[in-house]
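Undergrad: Sequence:
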Amino acid sequence: MEKNNRVLLGMSGGTDSSVAALLLRDSGYEVTGITFRFYEKDNQTEYLDDARELCHQIGIRHLVYDARELFKECIIRYFIDEYMKGRTPVPCTLCNNYLKWPLLQEVADKEGIYHLATGHYVQKKFENGYWHITAGSDPDKDQSFFLWGLPQTILERMLLPMGGLTKVQVRSLAAERGFHKAASKKDSLSICFSPMDYRQFLREQTEAGTIQPGFFYDESNRFLGKHEGYPFYTIGQRRGLGIYQNKALFVKEIHPKENKIIISDTIRSLEQNEMWLSDWNITNPNALIGQEDVIVKIRYRKQANHCTVTLTDEGRLHVQLHEPLAAVATGQAAVFYRGKDVLGGGIIDAYRRSV
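Under my numbering, the first residue of the sequence shown carries the number 10, and numbering increases by one thereafter.
A hint or two may mislead.
[Said to hold, decoys possible] With a Cα cut of at most 30 Å, we get these calculated DSSO-like pairs of lysine-lysine:
| no. | residue 1 | residue 2 |
| --- | --- | --- |
| 1 | Lys50 | Lys256 |
| 2 | Lys266 | Lys133 |
| 3 | Lys349 | Lys150 |
| 4 | Lys266 | Lys94 |
| 5 | Lys150 | Lys194 |
| 6 | Lys150 | Lys50 |
| 7 | Lys190 | Lys150 |
| 8 | Lys194 | Lys133 |
| 9 | Lys195 | Lys50 |
[Claimed, not checked] Label pairs and their calculated CB-CB ranges:
| no. | residue 1 | residue 2 | range |
| --- | --- | --- | --- |
| 10 | Asp302 | Ser36 | 27 to 37 Å |
| 11 | Glu55 | Asn230 | 20 to 30 Å |
| 12 | Thr215 | Gly249 | 18 to 28 Å |
| 13 | Glu115 | Arg34 | 20 to 30 Å |
Calculated directly from the structure, the hints in this document are not laboratory data.
Virtual Cβ for every residue (Gly too), placed ideally from N, Cα, C.
When you get a sec, could you build the whole thing from the sequences and use the hints?
TA: As structure tokens, this is what we get:
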């Protein structure tokens, strides 16, 4: 599409997208806000009214896109299926890379709008012929971990007005402009369709009797106790096991077919130094494959390990960790960085501790 000064902005009705709309409009863009209806617990639609009112106050057009069925099929079904397979899903990653941003692009193309924007706390840069997502200025709000799967066709059209700001600055801007409700809204810190305990969500979304109690065993296959059902546990989990000893206990292995969970009393036994990734995306292969200065993260805003990445004959990415990494789980995302730049990522489908 030929460039123009029009931008389609994803608007949730919250603080970040509201300030993003103001900043984009002040920068001379013709802004259209769009609110995606992904999931509405108990049919609560206040966020739609908030987004519509904000657009009216700012003086921009507002669209609504009903994607509830698509979200249910692509994200919620995936979330349930992954836990039922004994894996650890990453719904926010899949939603951003395969639903939210592609839908923005789809609607923008139909509307003749070139630029795409959201309130994400990330930035981007152009280097050696490729666009890269880079970390936002606020380390406590940086969301670069979730955007490793976006193609160049989207990256080049992205506008990211929040990337250079902190959350404190954003709330202050909203208040100064008179958007006091938006300025005081609480941040969303959990999965939108399962904001509290995902276990209760799984109970509600699966047929009665699907999830059955099973047994915990130690690494020598000795019985330790009873569990509520393997989908309710994740690799590395320490709390909420319901078995008590005078030492820390960790989930080491999950065996769905046997409804069996292996427990270890040392976190070191959960350490791995190799991973294999499927469903991967790489921004610039020359910047990642075979390089020695690559960092991999498997948890948002947590550990960072040096690694070397190669491409296997069957088309998976092999990640050789330079130092052991604990609590690796299939289904998790692994994201590659050099400094603040995102180099790509993928979904872990195998791992091992090699000598």
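Undergrad: Against the structure shown, which of the earlier numbered hints fail to hold, in ascending order?
TA: 1, 2 and 11
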